[in-house]
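Enquirer: My request is simple: use the sequences and hints to build the entire structure.
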Amino acid sequence: MLSSVQNPRFYLVQCRFHLHFPLKPRQFHSSVVVRASQMVTETQPQASIAPPYSEILSIRKSLLSRQRSAAEIVQDYLNRLRQIEPQIRSFLHVSENAIKEAEAIDRKIERNEELGPLAGVVVGVKDNICTLDMPSTGGSRILEDYQPAYDATAVKKLRDSGAIIVGKTNLDEFGMGSTTENSAFQVTANPWDTSRVPGGSSGGSAAAVSARQCVVSLGSDTGGSVRQPASFCGVVGLKPTYGRVSRFGLMAYASSLDVIGCFGTSVADTGILLHTISGHDRFDATSSKREVPDFWSQVISMKHVESKPLKGLRVGVISETLGDGVDMGVRSLIQAAASHLEELGSTVTEVSLPSFSLGLPAYYILASSEASSNLSRYDGVRYGKQIAAEELTSLYGDSRANGFGPEVKMRILMGTFALSAGYYDAYYKRAQQVRTLVQKSFKAALDANDILISPAAPSAAYKIGEKKNDPLAMYAGDITTVNVNLAGLPALVLPCGFVEGGSAGLPVGLQMIGGSFDEGRLLKVGHIFEQTLQASRFVPPLVTDGLAC
Amino acid sequence: MKKSPPFSDLIFKNQAPVTIDYRGKEARFIALFFFTRHRSLLLQLLGPRKVRIQVHLPVYSIVAAIVSTIECLCSFQTTMSSRALFAIRGTSISPLLQQRYPAWSCDSGARNFSTRSSFLPSDVPLLAEKARISLTSKEVEEFAPKIRQVIDWFGQLQVVDLQSIEPALRADTEGGHLRNDAPGSFENREAMLAAVPSYEEPYIKIPRVLHKE
Numbered sequence: 078m079l080s081s082v083q084n085p086r087f088y089l090v091q092c093r094f095h096l097h098f099p100l101k102p103r104q105f106h107s108s109v110v111v112r113a114s115q116m117v118t119e120t121q122p123q124a125s126i127a128p129p130y131s132e133i134l135s136i137r138k139s140l141l142s143r144q145r146s147a148a149e150i151v152q153d154y155l156n157r158l159r160q161i162e163p164q165i166r167s168f169l170h171v172s173e174n175a176i177k178e179a180e181a182i183d184r185k186i187e188r189n190e191e192l193g194p195l196a197g198v199v200v201g202v203k204d205n206i207c208t209l210d211m212p213s214t215g216g217s218r219i220l221e222d223y224q225p226a227y228d229a230t231a232v233k234k235l236r237d238s239g240a241i242i243v244g245k246t247n248l249d250e251f252g253m254g255s256t257t258e259n260s261a262f263q264v265t266a267n268p269w270d271t272s273r274v275p276g277g278s279s280g281g282s283a284a285a286v287s288a289r290q291c292v293v294s295l296g297s298d299t300g301g302s303v304r305q306p307a308s309f310c311g312v313v314g315l316k317p318t319y320g321r322v323s324r325f326g327l328m329a330y331a332s333s334l335d336v337i338g339c340f341g342t343s344v345a346d347t348g349i350l351l352h353t354i355s356g357h358d359r360f361d362a363t364s365s366k367r368e369v370p371d372f373w374s375q376v377i378s379m380k381h382v383e384s385k386p387l388k389g390l391r392v393g394v395i396s397e398t399l400g401d402g403v404d405m406g407v408r409s410l411i412q413a414a415a416s417h418l419e420e421l422g423s424t425v426t427e428v429s430l431p432s433f434s435l436g437l438p439a440y441y442i443l444a445s446s447e448a449s450s451n452l453s454r455y456d457g458v459r460y461g462k463q464i465a466a467e468e469l470t471s472l473y474g475d476s477r478a479n480g481f482g483p484e485v486k487m488r489i490l491m492g493t494f495a496l497s498a499g500y501y502d503a504y505y506k507r508a509q510q511v512r513t514l515v516q517k518s519f520k521a522a523l524d525a526n527d528i529l530i531s532p533a534a535p536s537a538a539y540k541i542g543e544k545k546n547d548p549l550a551m552y553a554g555d556i557t558t559v560n561v562n563l564a565g566l567p568a569l570v571l572p573c574g575f576v577e578g579g580s581a582g583l584p585v586g587l588q589m590i591g592g593s594f595d596e597g598r599l600l601k602v603g604h605i606f607e608q609t610l611q612a613s614r615f616v617p618p619l620v621t622d623g624l625a626c
Numbered sequence: 032m033k034k035s036p037p038f039s040d041l042i043f044k045n046q047a048p049v050t051i052d053y054r055g056k057e058a059r060f061i062a063l064f065f066f067t068r069h070r071s072l073l074l075q076l077l078g079p080r081k082v083r084i085q086v087h088l089p090v091y092s093i094v095a096a097i098v099s100t101i102e103c104l105c106s107f108q109t110t111m112s113s114r115a116l117f118a119i120r121g122t123s124i125s126p127l128l129q130q131r132y133p134a135w136s137c138d139s140g141a142r143n144f145s146t147r148s149s150f151l152p153s154d155v156p157l158l159a160e161k162a163r164i165s166l167t168s169k170e171v172e173e174f175a176p177k178i179r180q181v182i183d184w185f186g187q188l189q190v191v192d193l194q195s196i197e198p199a200l201r202a203d204t205e206g207g208h209l210r211n212d213a214p215g216s217f218e219n220r221e222a223m224l225a226a227v228p229s230y231e232e233p234y235i236k237i238p239r240v241l242h243k244e
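Quick note, the sequences are listed as chains H and U, same order. Sequential numbering of the first sequence, starting at 78, is according to this note's numbering. Sequential numbering of the second sequence, starting at 32, is according to this note's numbering.
No wet-lab data here; the hints were simulated from the structure. Careful, some of the hints might be misleading.
Cross-link-like lysine-lysine pairs, in silico, DSSO-like; alpha carbons within 27 angstroms at most [what the hints assert, rightly or not]: (1) H:K462 - U:K236; (2) U:K177 - H:K544; (3) U:K169 - H:K462; (4) H:K544 - U:K169; (5) H:K462 - U:K161.
Take a look, some chain U residues computed to stay more than 10 angstroms from chain H by CB distance [unchecked claim]: (6) S168; (7) P214; (8) S216; (9) E232.
Predicted model only: the values in this text are computed from it and were never measured. C-beta: ideal position from N, C-alpha, C; glycine also.
Expert: Okay, here's the thing in structure tokens:
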């Protein structure tokens, strides 16, 4: 028997379900209700296939009950990582210390010491988040072999909780891109179909979790970079509220839009990870001092759930995201998800956000402008790759020209243009004003609804190389995600079904948007949705065909 | 036109002329000065370089120039040159003018989303210089149409009515928590210095800053 203090919250598996919604009288809207045209979901959720629960909790359980040792668990993940890596190329660097750290945890268990909440959990970290003992390149040649002198706050919190960081994952250079094709090092493949993109810019993190190379991973979301790859790879992705997680140590792309986000195979895991990395940080003046609620106490057993667990929840479907630009298959899956939510007791109505389409150009103006400023620090003088020159301006010019990829250069130039004298008012200032409009319209929509839903991306994963040469086509894929960044709201993406493609279909993600700092509600709704979804497990064939999981 | 002193001749005589583009407020101001008797003052102010000044003026510039004289007087910035070769290029209505004087804007500008911005392909090298990135000519060729395409697409924002809307700096979640202005020390100084490409204790080495152009 272990004498160390066990946190009883982790045994919530047996707990009763509590309704956390505020009890106040509610008007039910009489406006149009969305109905699914194709898929019919059953009212009695009798899952014949066990839905994903929480890998983190089961690891903890097996460690505490001494069923498995941390070294065994980590070795298992490392073996799978190495086996699948040649096919998906999701990691830029794999840690050499993972087994040693696992052995240290095993020694702690033997000595009956208290374990952190994420002890033994294998985590991947996106390469634009600084780690002290591993190179952090940001996906760029200008930082090739750069070893930071400090850990990002989110990484430090992970380490303090006992997590084992197994490696740094691939990304589009500095977060600019939607496919990982803009990485200076390699293109990551989607585990569901290796000829397709995993999404981006956190494609490596999403693919690694999807392929079960790690339990959870960290990504960053500036315009959808956690949510779109989560949708493409069939995993859960969470973008927290701006200010929930400290950005200290995250290589800045657009400082007013960046957040660090979480990937997991289940909503519960994603919530536990979010809880671990959230909190105020004195090194990030934009981080919120608000208390971080117990996100993982939302994790409940479905055995005791009522038949209408979401009764009283007002859900709004954003009508602009179900228009012509979105694939038919995706649209019908979202409508099916809406009716699934209805069956769980919520009221679903359609909501219109009038300034929605303006958000995309406004986002790109703001992001390029802020990037042009943030990336001016990469000049080859204090760190990074330096190209020697006779004079300083050439040193800057040559180091940056050599180190940056084409997409980064273009965005810096566009940002420089938008901020230059004579154009600042016409572009940057106007984009800021559009941001106010977007914030206002979300606020109004979230006053009338508790959460909003939409597709996470207008299509499922497309082929590698398909959109590489057309910047506007690639930007258009972000239409469902950028407005959330402009408003700074939290959003959860979870897989809700499949469309045709690949050998086993391609996953599609449902995006749920909540009010500011309302991640708790999102996680609860997401968890219930996930546990009651009638769909096969979202494990890519690459993994099931390979090792026994 | 006053002659520059011979001293400057020695230095700048054989230099190729540099083209400076003036737009917006500065363009109107310079045009106004040039067309009045303050021409010599302008040229004297502009220094001893050989320069070709290109002034991009919207079509309805003269009226705009008269109206905006006073504000231009406040915002003028001098640069260099005498022996200025003055050229006026007419452009389509600049986005600024359209915003400020919507009644005078061209009819076609308001219809489609791509306002014909005065962004010229030749400006990519200028932007690259501002951004301190040395682009090859091949890259300039490759980027210019893509950049122009995206900037035209950005133009959608011009036609929206954004009167009296406050610009938002970031998401309005609370922030602005400042820490005390007290010095601290960073523990891992050695690692920071180890990352410097060109270090000669205690200096970070860079090549020469000032140069003759």
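Enquirer: Any of the earlier hints contradicted here, and which numbers?
Expert: none
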